[in-house]
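Visitor: The residues making up each chain are set out below.
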Amino acid sequence: MKAAKQAKKRSQEHINYFEYALKGVFTYKTRTFAIVCSLVIAVMILASMTFLATGLSSEASTSAAFAPDITVENTMAGRPAAIPLTDIQAISNMTGVARVVPRTWGYVEYSGKIYTVMGIDAENMPIPQDIDFIMSSGQFLSSDQNNSAIVGKNIADSLNLKLGDVLTLETQSGIENYSFTITGIFSTNVNLYTSDLILVNINAAEQFFSENPGCVTDLCVYVTNQNYQPIIPGSLVRENTNAADQVAQEIEAYNPSLRVLTQYNIREDSVSVYGLRSGYVSIAWYVLLLSVILLALNQATAAGADMRKEVGILKALGFSTSNILEIRFLETLILGFVATTTGIFAAIIYDVIFGAPVIGSFLLGWSAVYPGFPLPINVSASNVAILYATAILPLFIGSLIPAWRSAVTEPDIAIRGN
Amino acid sequence: MDFLLSVGAVVLTIAVLVPATRIFLKWSGCDDEEKHLLEKDFYLAFSGIVVILLIRLFLVPIYFWTMQGFVPMIPGAMCLWGVFNAVPAAWGTLLLKFVLPVVYLGWMLLYYIDGKSKTHPLMQNMMTFFIIISPLVLIDSGTDVLIFSAIKPVQVNCCSSSVDVGAQPVPAAIGGLSGQMQLLIIFFIMASAFALLLFLSVKQRKALWGALALSFPLAGVYVLSMMQVLSPWLLHLPFHHCPFCLLQDHPLAVVYTLLIWFGVGGPWLTLITKKMGRETLETEETEAKVRNLLLKIAGFAILMALIIIAVDIMVSFS
Amino acid sequence: MNIRSVNLTKIYFKGSSHEVVALDGANVEIKEKDFCLLIGPSGSGKTTLLSMLGLLTRQTRGKVFYDEQEVSSYSDAWQTKVRKNKVGFIFQQYNLLPQFSAWENVALPMLCSCTKTSERRDQAIQVMTKLGLKHRIDFKVASLSGGEQQRVAIARALITNPEVIFADEPTAAVDDQTAMSIIELFKELKNEGKTIIVATHDKSLLKEGTLHINVNNGSVQQFRDEPF
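Residue numbers (my numbering), protein chains in the order written: chain C, 112 to 529; chain V, 325 to 642; chain W, 101 to 328.
It is possible that some hints are incorrect.
To be verified - Each computed BS3-like pair below joins lysine-lysine, with the alpha-carbon atoms no more than 30 Å apart:
id, chain 1, residue 1, chain 2, residue 2
1, W, K186, W, K163
2, C, K113, V, K350
3, W, K287, W, K133
4, V, K599, V, K364
5, V, K440, W, K307
6, W, K163, W, K184
7, C, K134, W, K114
8, W, K287, V, K440
9, W, K181, C, K120
10, V, K421, V, K598
11, V, K442, W, K186
12, C, K134, W, K216
13, C, K119, W, K181
14, W, K216, C, K113
15, C, K134, W, K234
16, W, K114, W, K230
17, C, K420, W, K163
18, W, K181, V, K599
19, V, K364, V, K476
20, V, K350, W, K114
21, V, K364, W, K163
22, W, K181, W, K163
23, V, K613, V, K599
24, V, K440, C, K120
25, C, K420, W, K181
26, W, K230, W, K240
27, C, K420, C, K134
28, V, K476, V, K613
29, W, K240, W, K163
30, C, K113, V, K421
31, W, K290, W, K184
32, C, K116, V, K527
33, C, K420, V, K364
34, C, K273, C, K224
35, C, K420, W, K307
36, W, K131, W, K240
37, V, K440, V, K530
Since the hints were made in silico from the structure, they are not lab data.
Input sequences plus hints: build the corresponding full structure.
Guide: Structure (structure tokens):
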């Protein structure tokens, strides 16, 4: 109890220093304004990029769940080519293969945007639980409705589509049109799909894309012992990867011209793209942060004469060098914390309300061609903690020398005045 | 974050060595005015050292937390064992993670004792100590930087292939008492004796030497007990002996591991203060108080750990 | 509190061509409740002596004792503690902080202790009331007259109830009336048992001193109970 009382009493001293530091922040307004403004901008850029990059990576990781365990494509002379359906039997007979489902898909331009039209075998294509696929209205595809299509909710909203509407798309030849009747609208937890994906029956897709008879775009291979467990958040692998790897090797051995991609490969590639791009922005950000620290250093030194006099007076009145150091570090902490918090909020506003105009385009890697969709951002505790550490610590280290120089001022400056 | 903070610690350590060395070389044999100037250098060194040591102490749990985060990304890894196999250098630095915090705390205690005295009698000792431990700080920070740069998602063997294969180092069963139970009893006896020695050390100096001598065997027996007794029993996996899996899947194990760590490190801390913190009558008095407090806390930490382990085992089997 | 110095010497820019011996071998003995005056022309070294006795400046050689404790060898942190607990300073240029109000300036020495804002304010008001500043409590320093600022500076020196008060030319920058009130205040403090050490040119202070220390060209002569 006594120790607790003493601790409480001691803490009052540090509260007093905090109040003094807060006053100091408002006293030296130029320094405060310069440091806070520049740090807010720097943090806003980094925070915006961090939230977007982790959001996109997370979305890419989740979206890869829609990919089958193994995707098999054909190449001819090193270029993508349609894969014949005869390969289905051969692959189905391999050890560890549960099922092989064909898929025909491609891109189509509509109203100045590019969408994905994917033809699936509605009866046999499994929809993984990971992406929270649900039908908002209407029903899922059925094999007897050849010209039906189901679209993502964002597509329906942006193109003002309802159940029963006809969606007429220009075919690959450019001289024909193909009409699909909207029989369902779906939503998922992946913004990309609900903004981009049009699902149709595989036969309709073959006609639409003028695919060679007996050929499809790729084969979806599902291996045994897969429980379709939810992906570990943030991870790149699901369990039993080895099963997929083994089957993939067997398929490659069967036909070396086939391009065999495991779900792990697809996820890793799409996630790493955002990592690479955010890395470029990070480099630019470090340069910006360095200039902020130099500015802080400059401001701390420029305010030196007034500060030194003040410190001399305080020391004459009974403040020790450690007390002055504590006050200076508290000032840095206050400035850093306020600037970082403001920067984080500004980043969220920039990302969510304004759609991250420059950074978003850079990270996404394309511009207006792609349909707009709500940018996924990930504001997690670890992201925020890293931002605070990344912004405040360099500022702290940068202010070490000015704080020390201020703190070791001789108290007799109060008497001598210089 | 660990990467950034470690880089900061490396830079600061190198920078702080300059004033620290200046003080170390000039302190003894200088007059009051020169001492006053060196005192100014001390405040710069001190600020830097405190930031460095706080970073390193803060980074110990962050290091393990970060490495734990790599588990899903390393194919074949099921726990930290697999992550360490992905970067073998991490095994070598594991010991540093447990030993260095004791050293850092030692420096802070010296500073505390010095601050209680009126004339900085431990200044030279503090700077000497920092200069001695600075290569360790650089290694600690530098290896963090290297490990996080080098980690790649390579295929690894995880713990089972290392710790579950072959004969297990447990005593043979005697009269119905299994080897695991015997090991547990040995651990409890050793830990209790260790705690007793710590409490006795407050009054009798010789008991401290006994505690120091027992500290390493106790640490070894604890690790063995974790692997052979606690992992199989608490994870309900009779043939699994990985301590990292235990710490990963049974968070209470982290608590009593920390308590045991502090208990084992406590007497070594007092050795640091005893050797470097007794220059004048003033410092001797303060050092004695600090030493006695440390020994008592270390003793209580060991006893708390034993109680928690016992309760944990009982709850696990109820 | 008794203050004693032995062979106190201060050399500025030691070893360089601009070396200045501000004080050379000063031996002084100031007893408890003394009203000590440091007298000498400008540049004689009296401010240097004052600041060394007050532990504001480190000596080049020599020692300073407070109640026979050698405080001159203390670390910076411990000298600060001594200043905080036992010493009050009154400066010639007041040295008030403009960003604070009058009471906040007075309460500054209490900031580095474990007292809450309300307690500090109450204490400051008490001291300011004694000095006739009750009506200026919340005023910013810039809006105070010179005399009021000096009284705020004095209140600041007194708030921690120090045993010894050092004052550097306390009446130099004020009018005669304020100077008289300051002298009266010093007499009161002396009667309360405080030791007062004043560096001054003011002739009206001379007759009040119980100890006169004449400082001339860095050397010191001490006269007890005799005016200079």
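Visitor: Straight-line Cα separation of K134 of chain C and K216 of chain W no greater than 30 Å?
Guide: holds, 16 Å
Visitor: Going straight from one Cα to the other, do K421 of chain V and K598 of chain V come out at no more than 30 Å?
Guide: holds, 23 Å
Visitor: Keeping to a limit of 30 Å between CA atoms, is the pair of K230 of chain W and K240 of chain W held or broken?
Guide: Roughly 19 Å between the alpha carbons, so the hint for K230 of chain W and K240 of chain W holds.
Visitor: K476 of chain V and K613 of chain V were given as a pair; does the straight-line alpha-carbon distance stay at or below 30 Å?
Guide: violated, 49 Å
Visitor: Does the structure keep K350 of chain V and K114 of chain W at a Cα separation of 30 Å or less?
Guide: Answer holds: K350 of chain V to K114 of chain W is near 18 Å, not above 30 Å.
Visitor: Is the Cα-Cα distance between K599 of chain V and K364 of chain V 30 Å or less?
Guide: holds, 26 Å
Visitor: What's the verdict on K273 of chain C and K224 of chain C, does the C-alpha distance respect the 30 Å limit or exceed it?
Guide: Holds, at about 19 Å.
Visitor: Between the alpha carbons of K440 of chain V and K307 of chain W, is the straight-line distance 30 Å or under?
Guide: violated, 44 Å
Visitor: For K420 of chain C and K181 of chain W, compute the direct alpha-carbon distance and say whether it is at most 30 Å.
Guide: Distance of about 20 Å is within 30 Å: holds.
Visitor: With a cut-off of 30 Å on the C-alpha distance, tell me whether K216 of chain W and K113 of chain C pass.
Guide: This hinted pair holds, its Cα atoms lying about 19 Å apart.
Visitor: Keeping to a limit of 30 Å between CA atoms, is the pair of K181 of chain W and K120 of chain C held or broken?
Guide: holds, 17 Å
Visitor: Is K290 of chain W close enough to K184 of chain W, meaning Cα to Cα at most 30 Å?
Guide: holds, 20 Å
Of the numbered hints stated above, those contradicted by the structure are hints 2, 5, 7, 8, 16, 19, 28, 29, 30, 35 and 36, listed in ascending order.
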